[in-house]
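Residue-level listing of the chains:
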Amino acid sequence: MQLIDRDLLKVYQLSSGRVFFQDVDDSSKVKEADSLTQVRDFIADRCRARQARKLARLQVQVDLAKRSAFTLLLSDLSSLSAILSTIAMSLSAMFDFARKDVEVGESAPKELLLEKHADYIHAYEQKKDSYEYIMAEFLRMSGVYWCLTAMDLAKSLDRMNRADILQFIKESQTESGGFAASQGHDPHLLHTLCAVQILVMFDAVDEVSSDRIVEYVKARQNEDGSFGGDEWNEIDTRFSLCAVACLKLLNRLDAIDTPKATAYVLSCQNFDGGFGTRPGSESHSGQIYCCLGTLAILGELHRIDADRVGWWLCERQCASGGLNGRPEKLPDVCYSWWVLASLTIIGRLHWVDKVSLKRFILACQDDETGGFADRPGDMPDPFHTVFGLAGLSLLGDERLKPVNPVLCMPEDRLASASIRVQLLNPR
Amino acid sequence: MTEGDEQHDAVVGSKLLKDDERWNDVTPIYHSDAENAVVPIAASEEFKDAFAYFRAIVQKDERSERALQLTTHCAELNSANYTVWQYRRNILQSLGSDLHQELKYCAAIIEDNPKNYQVWHHRRVLVEWTKDPSKEIDFTDGILRDDSKNYHAWQHRQWVVEHFKLWGEAELDYSARLLEEDQRNNSAWNYRYFIISNTTGFKGDILEREINATLALIAKAPHNESSWNYLSGILLDAGQSASQQVVEFCESLYSDKKRRSPYLLSFMVDTLSEKIDKGNDAKDNVERAVKLLDELQQIDPMRRKYWLYQKRSIENAVQSKIGA
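Protein sequence lines, in the order shown, are assigned to chains A and B. According to the UniProt record's numbering, the first sequence is numbered sequentially starting from 1. According to the UniProt record's numbering, the second sequence is numbered sequentially starting from 1.
If you are wondering where the hints come from, they were derived from the structure by calculation, not from laboratory data. Check before you lean on any hint, since a few could be wrong.
For the chain B half of the interface with chain A, some residues (derived, Cβ under 10 Å), not all of them [as the list claims (entries may be wrong)]:
1. Q59
2. Q158
3. W189
4. Q298
5. R304
6. S313
Counterexamples of contact, computed for chain A against chain B with all Cβ distances above 12 Å [said to hold, decoys possible]:
7. L114
8. G225
9. R308
C-beta atoms are modelled at their ideal positions from N, C-alpha and C, and glycine is treated no differently.
Here chain A stands alone, though its shape is the one from the complex (with noise of 0.2 Å):
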């Protein structure tokens, strides 16, 4: 099956694994690789420096045909181009399933690898020294929220340096009240959610102004409802989200003008009962997490059919199990959360299959450093990991606290803040 195609070469993996390639140069010779990696250096000591980099950044995907598996036997190398052709046509022929999934293999891992987690968060926290972690610093205040976060549900916040991260946070509140991702960067909507959830995790919402976040939150809203990440105004429902829940978490909602915010986000719900960035954009897990958690915080869940969102939702689905953003692109774990928590605040969670999914979510650790990563075999990263454990909280798992599906926070630490976010009863 061709993997890529490009002006410069053709790749084919077939479902043994095997990897071929042929050169456009030179088209009567099709090579085998030992590995796609050998496929990349190839591309890279063949082409510019700048296309070396695209290329090597390629998510390869391959479509998987499910129903059928192709054995070859090749006594002619050279006749290899014409028979990938032919499978190729028949193949979509035959199947137009040609759904884009990955493959949970058997050697995945099987249980929650909770210690190895906790483990991992822990010493991504230690490593300041780290060219990741030096990397970061443009988003270290959300990094802190998806550690701090993993850390509690794995009941484990308190191997995480409480002082240290209350005086980071104060250090990166800036004079418009706003929060930056660090000290020196500029203030966003984003890390100003991350620095309130930190502050409410630890019980610290006292240790800084209130009053100068509400002023910075409510400055961000425009004229039509929508809110901006920044003063430069970017506007996504993400921002919705983010400010409202932020207020939502001081009690001071009252702030900005709810029924322009709730109207902002009803007009970008699309033509398949989902929601995107804004008005006609295209729908999106992510972007329908963050427009029903808005209006479950503002208490209009009532305002959408739930039922068509639901089954656009269900649908992200794949057979391996694991859920996807859009149709016809690749499961990632952290879909795991924006789906599993839409489906939850409007009531359908139990519109997914729960045991594929798991096994799915599970088979995204990684075994030897934990950590879970956005699909089998891939590098973990805190991001990923937090969703991960979140997913699989919001899926029962009792080694895990539970998490609020509306703000990704335990809900132990919201009712101690007496916070509660109304949803959609089951049906």
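Start from chain A and add chain B according to the hints.
Frame of chain A, contents of chain B only:
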């Protein structure tokens, strides 16, 4: 090589600003961690150096050519750092820089980082400033050639079309071309809906044309979620049961067992639901709908609970009708 030569090379060859005389007047601001930390990777030394000087110029709010070049350097090192882009825009404004040059630079950065929010937003701001959309259609087309589903590219294109009122046949043809290449491209379907709903709307001849085109694509690939979603979407106002052509098409597709996708059956259930709501032949329609939903549980067991829910809803709906 002598030690002196090595030192010389180290200074001359060094890209570090701390070794650059032209930056002697600036005191770099390092993080306290960095000063004590061991730096195992050469690249991160360059990184720390660049950002230390960046922090310094931000603090003094310097808006000069060298500051602009420094943001170029920092963006190269870490294009997702939003503060760099914000500050760069401040400098561009202060210097009155050539924005068309800047757009070219921005295009190159986007090509290298096509999924980065900050660089796309940067481009949008530039286009807002220049008020010149002339390059944007071709530019997004270029990005979409590499990744036809790039969410940012589609968003940008939609914004350009809407903001500068570039509605027209060309954009409709664009979506048609992409759908011809890959009818599973959900973004292209969304774009088509976007164009039509903001221009002619889905009625009369237009609706008929869209129905025909969609049915033709469904016939080629009945298991494509996007085409079915589009069909349902465009019939939301008129109603699925209103078009005899559509009803017959579904029946003929259904008669071929290999082409019974869950989307087909679900669509047929929705059509029957509509008829039931209108009170037409309730009993027969309910029976058929229930049969289809039982079949759906067989062919799409993953969503068993959803199909059961639909079945319950239909049975409940008819109960209330019979009761009335």
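We went through each hint and held it up to the structure:
The restraint placing Q59/B at the interface with chain A holds, with a minimum CB-CB distance near 8 Å, inside the 10 Å limit. With 10 Å as the threshold, the beta carbon of Q158/B comes within range of chain A, its nearest partner Cβ sitting at about 6 Å, so the hint holds. Interface restraint check: W189/B against chain A, minimum CB-CB distance 9 Å, threshold 10 Å, status holds. Interface hint status for Q298/B: violated, as the beta-carbon distance to the closest one in chain A is roughly 15 Å, over 10 Å.
Because the smallest distance between the Cβ of R304/B and any Cβ of chain A comes to about 8 Å, under 10 Å, the interface hint for this residue holds. The beta carbon of S313/B is positioned within 10 Å of a beta carbon in chain A (closest approach about 8 Å), and the interface hint is therefore held. Remark: the non-interface label on L114/A is consistent with the geometry, its nearest Cβ contact in chain B lying 27 Å away (cut-off 12 Å). At the 12 Å boundary, the C-beta of G225/A stays outside the reach of chain B, the nearest C-beta of that chain being 18 Å off.
Its closest Cβ contact with chain B, about 9 Å, brings R308/A to no more than 12 Å, contrary to its assignment away from the interface.
When held up to the earlier numbered hints, the structure conflicts with 4, 9 and fits the remainder.
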